[in-house]
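Chains as they are written, first to last, in this note's numbering: chain C, 1 to 103; chain E, 1001 to 1153.
Honestly, I wouldn't trust all of these hints.
Calculated cross-link-like contacts (lysine-lysine; reagent style DSSO-like; alpha-carbon spacing at most 27 Å) [stated by the list, open to error]:
| no. | chain 1 | residue 1 | chain 2 | residue 2 |
| --- | --- | --- | --- | --- |
| 1 | E | Lys-1118 | C | Lys-50 |
| 2 | E | Lys-1139 | C | Lys-24 |
| 3 | C | Lys-59 | E | Lys-1041 |
| 4 | C | Lys-24 | E | Lys-1041 |
| 5 | C | Lys-79 | C | Lys-59 |
| 6 | E | Lys-1006 | E | Lys-1041 |
| 7 | E | Lys-1133 | C | Lys-24 |
| 8 | E | Lys-1041 | C | Lys-11 |
| 9 | E | Lys-1041 | E | Lys-1139 |
Bear in mind the hints are in silico, worked out from the structure with no lab data behind them.
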Amino acid sequence: MIAGTTQIPMKIFIPTPLRQYAGKQDAVEVQASTIAGALSELVSSHPDLKRHLYTDDGKLRAFVNIYLNDEDVRYLSEKEQTPVKNGDQLTIIPSIAGGNCIL
Amino acid sequence: MLKMGKFEYDAVRRHGEETYPHECCGVLLGHPDDQGRVASKTVRCGNTRSDSPHNRYHIAPQELVRVQRQAREEGLEIVGFYHSHPDHPARWSQTDFAEAHWIGCSYVITSVDRGEAKITNSFFLAGETEESKRFEDEKVVVTETAALNEAAG
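So that you can see chain E by itself, here it is in the shape it has in the complex (with noise of 0.2 Å):
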């Protein structure tokens, strides 16, 4: 389970309908939990795809460090990862799911019809090695921010 506060949601939602038609791309600061992973924080990124932004993304890694080192300095640790499908289906692709990494973290993803933000998913990416991991649906529970940052002490 993904827990997001509303924030957060509008927040990663907003993001697909501003760069439309292009893929938006970000990250989830947060905190995991004993039911997953709580997403209090959200840092936007650039999408360095400039070749083909309406159906790929990519987060140039210099800015990966940066933000992980931002996570850090505040106490937060990665938990996730966000992006857009501009007039397609908020369902993994098979480029999503080669290029997903970040075993056990959470990659969310919002259909994006003409401009207008429509179905937002999470797959958690599961499995223990790069040869082993999978993607599973995973619930999003969507709180007011508050109470997660309360949650979290």
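Isolated chain C, as found in the complex (with noise of 0.2 Å):
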């Protein structure tokens, strides 16, 4: 069997202000392959997430993070191509930041 083929069956956790468009729920079970197909499976289960995750031209927004595990999925090898296991979670964590400066 090719690696990266297999469905397998995971969970991907919603921060706070997205669980309104995930059917108001902290976890999605999904199943897919690889990250990409976790997340597009999880778009397409619940559409109303598209626009808050990516932009007009499909792109992951700048400042929403995934993680696979405990590892930023930017920094993977093959990034959101990466297969999954069993066992592996994804979270979804808007970024967290500001202060006083003038930007």
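Reconstruct the complex from the two isolated chains, following the hints.
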């Protein structure tokens, strides 16, 4: 079997502001073989999430962090194409920053 | 409205005094209620902006992932965040607004003048999307922590 083609059941944890667009759930269960597949299934089952996660040209919004377990997906060698395995969890976490300086 | 336990309210202000002249930052855990949010627990976070800690703060996303997991295990949710403004008013700045993305959450700011916590204000991030978000002033009601926990059942 080719790695990354098996559909694995996994949980995607949803942050507080986006739960209203995910059936008020704090986690959504999907079946996917890669991180990209998991995110794609998430937005196809909860279409209202899409505009909050992606820009109009389909890119993940800069302030939206996706973690595979404890790893930032941006820093994985295969990024969103990384295959997922049993027990993996995805977490969506918008960034938190600020300060009293003038940008 | 943001309801905070007295213990949590004091903890937020004390954190700002301890990190002065740098900004402190942390997360408010609790639950929503019919009048807004109730913060029954605070989690201190590290400020990763070591390049400019006196006027910038940033919480490592990995730390937030851990906090969100911890909240879930305790039956709580992230209802807001706090940070301090050393020698600066307890009002949100353009930087605070540009980098605020948790719509529906409270952003608490404490002014710390010469090491002493002065004013603590909260701003509710209202709106539906990143494009329509706005900060609204919100009242902070401080109650005894035990009373908050009783109300939460």
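Inset, instruction - Report the numbers of all earlier hints that the structure fails to satisfy, in ascending order. - result: 1 and 3
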